[in-house]
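Order-wise, the sequence lines are chains D and C.
Under this note's numbering, the letters of the first sequence match residues 22 to 519, in that order.
Under this note's numbering, the letters of the second sequence match residues 18 to 138, in that order.
Hints are computed from structural coordinates only; laboratory data are not their basis.
If you're wondering where the values come from, they're calculated on a predicted model, not measured in any experiment.
Please note: incorrect hints may appear among the correct ones.
To be verified - Rough simulated footprint, nothing fancy, chain D against chain C, three-plus residues with beta-carbon under 8 Å:
hint	region
1	55-61
2	64-75
3	97-104
4	117-129
As the list claims (entries may be wrong) - Residues of chain D clear of chain C, computed beta-carbon distances all greater than 12 Å:
hint	residue
5	A25
6	F26
7	V42
8	F437
9	L442
10	A445
11	L484
12	T507
We put the beta carbon where it would ideally sit given N, CA and C, even for glycine.
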Amino acid sequence: MTDAFVPLLVAVPLLGAVLAVAAGLVSERGPPAIAAVVLVAQTGLAGWIGSQALLNGDLSNGVGGFVAPYGIELVVDGLSAVVVTLVAVVSLAVLGYAVRDDPGGAAFYAEYLLLVTGLTGMSVTGDVFNLYVFLEISGLATYALVASAGTGRSAVSALKYLLFGTVAASLYLLGVGYALVATGTLNMADLAVELARVGYDSPLVLASFGFVVVGLATKTALFPLHTWQPDAYNDSPDSVSALISALVSTVAAYALLRLVYTVYTPAFFDAVPVARDAIVVFACLSIVVGSVLAVAQSEVKRMLAYSSVSQYGLVVVGLAIGTRAALFGAVVHLVGHAIMKGGLFVAAGAVDDLTGARTVEEYAGLADRFPVLGGASAVLMLAMVGVPPAVGFAGKWYIALGAVRAGTWPVAAVIFVSTLLTLAYFAILVERMFVAPASASVRAATDGGSERLGGPAAPPRSLLALIVGAAAVAVVLGFAVTGLETALDPTLDTLLSP
Amino acid sequence: MIDLIAAKHAYLVVVALLAIGAYVMIESDNFVKKIIGLNVFQTGIFVFFISAAFRTDGASPVVQPGGGGGPFVSPLPHVLILTAIVVGVSLTAVALGLVVRVYESYGTINEDTLEEVLAND
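Next up, chain D with everything else stripped away, as it sits in the complex:
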């Protein structure tokens, strides 16, 4: 019965995007109101469908009455339920910030809802070509959102992102093409069976795996395919950086996990161990280089962006090792990173609005003047480092545990080193905020009121609530991890069954 409502997850935000444009013709306040209503509805729908999927098992729907494997199938299992809910909740929360921060008109809200459409579609589709289409929808919406800052620099970053993103999606499409030539099917569940029949050592299957992984790794921004990412995060409007840093790469990493486990299955890794080793090496490199580059940054938003390169390396290591603990750790870290990084980008945007501070040096003395903002940011940073009991610890713990159980000690060592490096760059920032004397820009903001806004120099309540909320969720999720493990148990079983 619930199955019939699965297509609404994609249809509601898509319809909302059209309505937002229409409402923009009537009234200036129409588009944000439409976006808010649509995202509240989407969150409710995602929560309901997601909980049904977690409680009662997988939901699936053949769109338009065409049965799988011929038609396009939408599938919600435990994993996609988690990602769909994450997308809905985060986009609703960030919308509150976007309305306040960047009133970009009807086009902005239409792009915002299109991005939600694309990301939700990527999470629920059971068809590899359909995944390509949603990948490009979310890509197009992201390029437009990055450029919506209106500056020349943001247009340059968006163009660079577009060139990288399109080549990445094209490589993925080429991989899909090889799989189609080998098997004649596009349905994920059907592909798993057919690919096994063709044989995992067939050159067609190997080529398709290679292209798909490189394409999605570029979208996830793994080193050395990450070069588009820091500029895109740094130059987009503050609310957009929060949204895309929390969701876009997260859903790309989810798609990689989905393809590797549902389409190629763990049996592929057993048949071609070099593929697994290559991904592990690639991801470990990403963890270390991402952290080192983050330490070297002076601008806070760039530092957060390079930190993402390293954190996604952790997620991909977890999914490549592929023991039960490591895979679950990858999922936890995916969700946890989205919340922590989204919250940190909102905080960075708020600090920029209040004081104009953008560099680590300028953050000096921030916590004295804005104790709640500084405190919540510090909690988020420590959670990201992996201080227990926060969710950042839980994710890393499970991934490291999985690595040790699989006997890959070097990976466990890399995770440990990366934790130290993460501590290195966040410790500098925390030290600046809490210990160092206030910088000129922070003093100016609190003494005379921010000239840029001309208003009182206190962070708006709604924004503080958002950042404190993110910090609270990051801590509470750490306690909820065992519950999540029980809920995801059947899904993990299905993913790991050869």
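Put chain C on the given structure of chain D with help from the hints.
Just chain C now, with coordinates in the frame of chain D:
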């Protein structure tokens, strides 16, 4: 060699288009040329799908009442590529729109010149 060209010419075209597209994107400093390279690259993928659908003596897949009339070429890749072409057109439009904005802001569409301008910004 002649046999290879005769039997696999479609795939040689695919490889050539992919290589030319990638080369132009990497080598050219001009953003518009980079976008043209991107389009050539995508066209290579389109040709790959379409040529994979071909079969010798295949008819177009319109089944007459009562069935029969095969063998047919596969209609699926054609439909996929129709979608991919639409996606490619939208991407090109957005990319060219961004190039216009870059030109309005900095007065150049050359990557090297732009980097100098941005460094002095």
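Outcome of the hint check:
By the rule of at least three residues with a Cβ nearer than 8 Å to a Cβ of chain D, the coverage given for the region 55-61 of chain C holds, with 3 such residues. Check result for the region 64-75 of chain C against chain D: holds, 3 residues qualifying (beta carbon to beta carbon below 8 Å, three or more required). Counting residues of the region 97-104 of chain C whose beta-carbon sits less than 8 Å from any beta-carbon of chain D gives 4, enough to reach three: the coverage restraint holds. With 5 residues carrying a beta carbon less than 8 Å from a beta carbon of chain D, the region 117-129 of chain C meets the three-residue requirement, and the given coverage holds.
At roughly 25 Å, the least C-beta separation between A25 (chain D) and chain C is larger than 12 Å, which holds for a residue marked as non-interface. Once the 12 Å rule is applied to beta carbons, F26 (chain D) is consistent with being away from chain C; the minimum gap is 25 Å. Non-interface status of V42 (chain D) relative to chain C is upheld: no Cβ of that chain comes within 12 Å, the nearest being about 16 Å off. For F437 (chain D), the requirement that its beta carbon stay farther than 12 Å from each beta carbon of chain C is met, with the minimum near 38 Å.
Residue-level check passed: L442 (chain D) sits 28 Å from the nearest beta carbon of chain C, beyond 12 Å. Distance check on A445 (chain D): its Cβ is at least 28 Å (rounded) from any Cβ of chain C, clearing the 12 Å threshold; non-interface status holds. With a cut of 12 Å on Cβ distances, L484 (chain D) stays outside the contact zone with chain C, its closest approach being about 29 Å. With 12 Å as the threshold on Cβ separation, the claim that T507 (chain D) sits away from chain C holds: the shortest Cβ distance comes to roughly 40 Å.
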